[in-house]
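Novice: These protein sequences, in sequence, are chains A and E. Residues in the first sequence are numbered from 1 upward in steps of one, following our numbering. Residues in the second sequence are numbered from 97 upward in steps of one, following our numbering.
If you are wondering where the hints come from, they were derived from the structure by calculation, not from laboratory data. Ideal Cβ placement from N, Cα and C applies to all residues, glycine included. Don't take every hint at face value.
The calculated lysine to any residue pairs, modelled on SDA-like cross-linking and capped at a C-alpha distance of 25 Å, are [unchecked claim]:
id, chain 1, residue 1, chain 2, residue 2
1, A, K38, E, V212
2, A, K61, E, G205
3, A, K90, A, Y73
4, E, K209, A, R66
Chain E regions said to be covered by chain A (calculated; three or more residues, Cβ under 8 Å) [as the list claims (entries may be wrong)]:
id, region
5, 172 to 178
6, 205 to 212
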Amino acid sequence: MKFRELNAILNKIATVESVIIEQRRTDHYRYTIRYGGKVIMRTKFSFGSKEKSGDEKNVAKDLHFRVDELALYARCTISNEKYLENLRIKNILSDS
Amino acid sequence: MPNPYSFENNYHSEGTDLESIWPSLVFSNTSYRKPYSAFSTYLYDLSSDKYSLKEIVDVIVSEEDDCFRAENDELNVWSTGNSVKEALSNLKKEIIVLYEELEEVGESGLGPKPLVWRGLLKDLIKNEISRT
Chain A
1 MKFRELNAIL NKIATVESVI IEQRRTDHYR YTIRYGGKVI MRTKFSFGSK EKSGDEKNVA
61 KDLHFRVDEL ALYARCTISN EKYLENLRIK NILSDS
Chain E
97 MPNPYSFENN YHSEGTDLES IWPSLVFSNT SYRKPYSAFS TYLYDLSSDK YSLKEIVDVI
157 VSEEDDCFRA ENDELNVWST GNSVKEALSN LKKEIIVLYE ELEEVGESGL GPKPLVWRGL
217 LKDLIKNEIS RT
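Please work from the sequences and hints to get the whole structure.
Specialist: Here it is, written out as C-alpha cells:
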C-alpha cells in the first residue's frame, strides 16, 4: 500500500462530521481516529524498505473495511454514509 | 535420509530460534518446501523493564512478500519484520504503545472497541514501575 493511498482514505474519513484524525510520527506514522471526541479506530503506516501488500490487509482491518473496499472508498464508490452505517452495524461508533 | 524440517529434529532444543523450526511447524513431515503460510505462537513477556505480562499473548505469524507479520486479533495489533524474531519484537512494542495510548486517553475518551482493548490490556499487563 502506498502512503498516498492511505492518505486519500484518511482524508475522506476526515470529511465525516464529528471525525477528528490525529497523526503522530514515531517509528511509523500513527493515526488515531476519533468520532464525537472518542477514540474509535487507530492505524499506522510503516515506511519499510518496500511496500508490502499485507499492510493493506491490516490497514483495511484497522479501518473496518474489506481489502477490496479500500480503493472503492477512496474512489467515492462507497460513500461516507455507507461507511458510517457499516461502522454502526459493527458497533464501532459510540452511541453518546 | 532424515527430514531436516521434521518436528523432532527441531522442537526439543532449548532456545530454538522460531525461524529454524518454522517449516516444521507448518508442514511437519509433509514437505521440504519452504511454506508461505501461518502459525500460532505466544508472547511470554514484553521485553520491557516497565511492563510485564500477567498472561501469555496469542500471536499469529505469517509470511508474505518476504516479510514476516505478527498479529493479535483481539487487541487489533500487528507488526512486521524481516524475521520472525523482529516481527515478534515489534509486536511487543505495539502492545506497549497501544496500552500507553489508551491509558493516556482514559476510559471516558474511548469508543466501544478501544474500551474492550483497554480492558484486555489491563488484565494482561503489569506496570512494574508503578508498583515498586
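Novice: Does each hint fit the structure? Answer for all of them.
Specialist: Results of checking the hints against the structure:
1. For the hint pairing K38 (chain A) with V212 (chain E), the CA-to-CA distance comes to about 13 Å; that is within 25 Å, so the pair holds.
2. A threshold of 25 Å between alpha carbons decides the hint, and for K61 (chain A) with G205 (chain E) the separation of about 22 Å falls inside it, so the pair holds.
3. A C-alpha spacing of about 17 Å is found between K90 (chain A) and Y73 (chain A), which places the hinted pair at or below 25 Å, so the restraint holds.
4. For the suggested pair K209 (chain E) and R66 (chain A), the alpha carbons sit about 18 Å apart, so the restraint of at most 25 Å is met.
5. Note: the region 172 to 178 of chain E has 3 residues with beta-carbon separation from chain A under 8 Å; the three-residue rule is met and the coverage holds.
6. For the region 205 to 212 of chain E, the assignment as covered by chain A holds, since 6 residues bring a beta-carbon within under 8 Å of that chain's beta-carbons and 3 suffice.
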